[in-house]
Amino acid sequence: MTRIKPAFPALVSVLLIGGAVTATRPHYGGTLRIETAGTIQALELAAASAAPEDANTSRLVRPLVHETLVAVDPAGGLRPLLAISWEGDARGTRWLARLRSDVKLHDGSVLATSQVVSALRARHPEWQVTADGSDVVIEPGREEPDLPWELAEQRNAIAIRQPSGIVVGTGPFRVERIDAGGLALRAHDDYWGGRPFVDGAQIRMGRSPSDQLADLEAGRADMVSVQPADVRRLEQRQLRAAASRPLELFALVFEPHLATPANSALRRTLASAIDRAAIARVVLQGQAEPADALLPQWLSGYAPFVLARLGQPLSRSVVARLPPERRTLSLRVGASDPTAQSMAQRISVNAREAGFAITVQAPAGLGPRFDLRLVRLPVEPTTPGRAITALMTDLGPRTLLMIGRVTPPGPRSSLEEVAGVERALLERDAIVPIVHVPELYGLGRRLESWNGPPVSSSGAWSLADVWLGPDGSGTP
Amino acid sequence: MTLRNRLFALVSAAVTVTVVLVTWTVSSSARQSFATLDAQRTASLVAQFRREFANEGEQVAARVERIAHSDEVSRVAADLGRSRDYAPYVNEAAPLAAAQGLDFLDIVAADGTIVSSAEWPARFGYKHPWAATPSRAAGTTGGFLQAVELPQEIALGLVATKTVTAGGENLYLAGGRRLDEEFLQSLVLSPGMRALLYRNLQPEVSRQQLIGNEGDVPEAAPLEPLIGRVIQSRREASETIAWPEGPETVDALPLQAPDGAVLGVLLVGNSGRELAALVERIRWTGVAFGGLGIVLGFVLSYALAARVTRPVEQLATAARAVADGDWDVHLADLRTTGEIQVLSNAFETMTRQLVDHRERLVQAERVAAWRELARRLAHELKNPLFPLRITIDNLRRARSLPAGEFDEVFDESMTTLHTGLANLNAVIGRFSDFARMPAPQFAQVSPNEIVQQSVALFQAQLTAPGHPPITVAVDLDPAIGTIRGDEEQIRRVIQNLLLNAIDAMPAGGALAITTRRSSGVVRIDVSDSGEGLGEEERRRLFTPYYTTKQHGTGLGLAIVQSVVADHAGKIWVESAPGRGATFHIELPVEGPA
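So the protein lines, in turn, are chains A and B.
Heads up: the first sequence is residues 266 to 741, going by the working numbering.
Heads up: the second sequence is residues 101 to 693, going by the working numbering.
Simulated from the structure, these hints should not be mistaken for lab results.
Since this is a predicted model, take the numbers as computed values, not measurements.
Check each hint, because a few of them may be wrong.
Stated by the list, open to error - Using C-beta positions, here's what the derived DEER-type ranges look like: (1) 253/B to 662/A: 38 to 48 Å; (2) 253/B to 525/A: 25 to 35 Å; (3) 301/B to 570/A: 11 to 21 Å; (4) 212/B to 570/A: 57 to 67 Å; (5) 682/A to 308/B: 35 to 45 Å.
Unchecked claim - Chain B side only, calculated, beta carbon under 7 Å to chain A, not exhaustive: (6) 188; (7) 190; (8) 223; (9) 224; (10) 225; (11) 229.
Unchecked claim - Chain A stretches covered by chain B per the calculated footprint, using a threshold of three residues with CB under 8 Å from any CB of chain B: (12) 547-561; (13) 637-646.
The beta carbon of each residue, even a glycine, is placed where N, CA and C say it ideally should be.
Kindly produce the complete structure, drawing on both the sequences and the hints.
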């Protein structure tokens, strides 16, 4: 007893420290359960006509299997992935990417430079892609100073089709099964960045926001997408949330019959009436940023200086004298989008104070003609020029035609030129930015991550560094 | 109208009036009873609504109270006491309202800013229109009516307010339930009743604001005046609305806010259709039974009238028979009692006495006739017999005369005797003729020809020298045709009348004969301009042996009347003293039946 007594405090300390270390040390094993709203049938690139949530699911899942040469890092720059370095000439007409060595494909074979060259050639027939040892030489045939950003796009991920027809990649996970019910991924044991902590990931697709939230709260899911209004609920239930940078733009888009110069004062009045700050702070529970421009401030840096509306909004009495058909408007919003619905209702209240009567309607068959839409546009985490170009593509030719002739910025456009393009898009108030919203995820109690959050600021999933701890809720 | 018909009509009328009165009384009484019942039902429903309304208000207040004491509200109040950031609580109201079954719930900050709204979540940040006003914030013991603004409409709500104080700051709760179809459905309505709610939330009466327990009311226009009247007067009113399906009594109850404003009108409709149908059924049942009663009354009335009047009718028939000359009438089979029996006996007695009187009268008349005949006969025979007796006396006295003188006397006497006997023979012949009037021999005869022949027969006499001048005017209807009659007897009639007319004008005058045919009879008129006849003469003119002539037998016109009667005709005379006389004869064309 006398020998034990002096050692007891030390033993207790060791046990406590050991327990603490055990709780924070990554564990291998387990299956990560993820739920998404969108669905995918294959890992090929989503078609342009795919639903936004399906395209988003594809954008998130694909990098887990098929990697690009470079990727967007959390700071908004580029980081090495399959390429450990890259360099180009001064004009950007010739680029050289040095591949990471000993990268193994999911079938166990080593990724060859020729396979990368073949994949890039297949994707970009107009490029001159050659192999130079372990280097890949890319000559795009024109000046491409942002070629590394292009290589970071998912469409340039390296997917190798084997003679058997199976497509394999180099990502931390390989596809085990994909069907209507979901996607089963297995850990890539020979992943160049080290085997993922989890043995696999089960992704249930096509889940509604409410179902995802319920599953998360019930411990049936480890990571789900959530709405901004749900973040507070997660906190109340001692659950965590993870967010990207604002990667979505909510904007009002007037229909062509209201985009005419004769209605400019009406549009300006309505745009001025919208209390963006209240929407961001209250409707979106502080999870969003009021949008002063199409591109978020973190991406462009000039957002507060873009909007400079000409003229004063109409007074309420002037609005009251407008013909009823001009002050009674219908706002179309997605029926299955509760966030957009809430925002639209608030916009309706704001407009009501300005003298307008806005009816929020969900598209249903051959509904009545609507006057404006609340659109949800993804913001690419890339250069401002590329991002604004992508936004213009997402707005569609009909909207661009309505706005007038606005040319997307070129490859070598300066930031001022990009801002000019954006100003041209906004100056007629036919497009009214409302808020920028991040991608939000609810994290289960057993989900832990090593070396950064499971969702990066660029929105990408960092599942290779995720591990599963004990279930805090006691759910098996 | 016969006595039986009169009696039948009288009794039937009495029965009908009685039945109609009873039916009307029953129907009217039933209608009044049901109307009273309906009024009671309506009053009961209105009272029920008041109770439900009060209960609902208390429930709303209790639910708002429970919310005020909930952990969530306490936490919100405490947090807001520390921080002015309302954002985290924007969605607090909806689950609290749902948990308490409220349609409205607003959490309002001390400065009146809406922190969270269950019915209009997007309205946060704006000032609440009434929850933070001193009168409302003070709260009430129960609920009160309030117009509640919603995104697309203004609703009528039964609301309550509650103030929660934490950290020195007030937090106001304004919650309530919507007065809508669901509230109306909670009212227990009797069959035929309905409850409607008008929400007075617009400046003018709008039928879109009227709802029933199944939503919109398709036919609202007839109710608008009543609604407008109640809103204006702020008092209950009632009106009967005439719908195509039937009347409906609508009681309108103003629903007022605490400040007295009429925010709604409860309409309790009590359909008169069921009542009308019931009254109609009663009426028709009454009419059916009344009709049956009337028919039964008619039958009984007829039977009663027949029973009562049958003896009277038999008495009347007997009286008619007596009047027609059939005095041999007996009422032996008449079984009656009482006054009718007395009447019957009196009738029997009367007829017996009449028969006795008649027989005695006949006897007397026979005696009188025989006396008259004897007197006439004696008178008629006495005149011719007197010369005969004188002649016979002359012959007796002349027997002593010389043969020559005797012969002369004898011859003269023979002549006288012969003439006297001839006269006697003529007198006897006339009596014989009257006694032996032959039966007429009917054939088709022409009255015009008979008249013409008769006039011609007297023409020579009329135109004889020394005869007083008489003008004859004959006016014959050429279309008179023939009649069925005895030519000889008709001729005798015409000649007799012509002779009488001539005799009536000893100093001359005008004689007129006309014939006419109409309506199946032939009329012959013979007129003279003589002295005319007095009343007594006209009355006795056709009596046998009555004459106004010095040498008349008094049988001429009696024979004329007899002939006319045998031909089923009529004869009458029109005359006045000094104005002549006209004899009219009507003979049926077809003769006697």
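Cross-check of the supplied hints:
no.: 1; hint: 253/B to 662/A: 38 to 48 Å; result: holds (39 Å)
no.: 2; hint: 253/B to 525/A: 25 to 35 Å; result: holds (31 Å)
no.: 3; hint: 301/B to 570/A: 11 to 21 Å; result: violated (47 Å)
no.: 4; hint: 212/B to 570/A: 57 to 67 Å; result: violated (36 Å)
no.: 5; hint: 682/A to 308/B: 35 to 45 Å; result: violated (56 Å)
no.: 6; hint: 188; result: holds (6 Å)
no.: 7; hint: 190; result: holds (5 Å)
no.: 8; hint: 223; result: holds (5 Å)
no.: 9; hint: 224; result: holds (6 Å)
no.: 10; hint: 225; result: holds (5 Å)
no.: 11; hint: 229; result: violated (13 Å)
no.: 12; hint: 547-561; result: holds (count 4)
no.: 13; hint: 637-646; result: violated (count 0)
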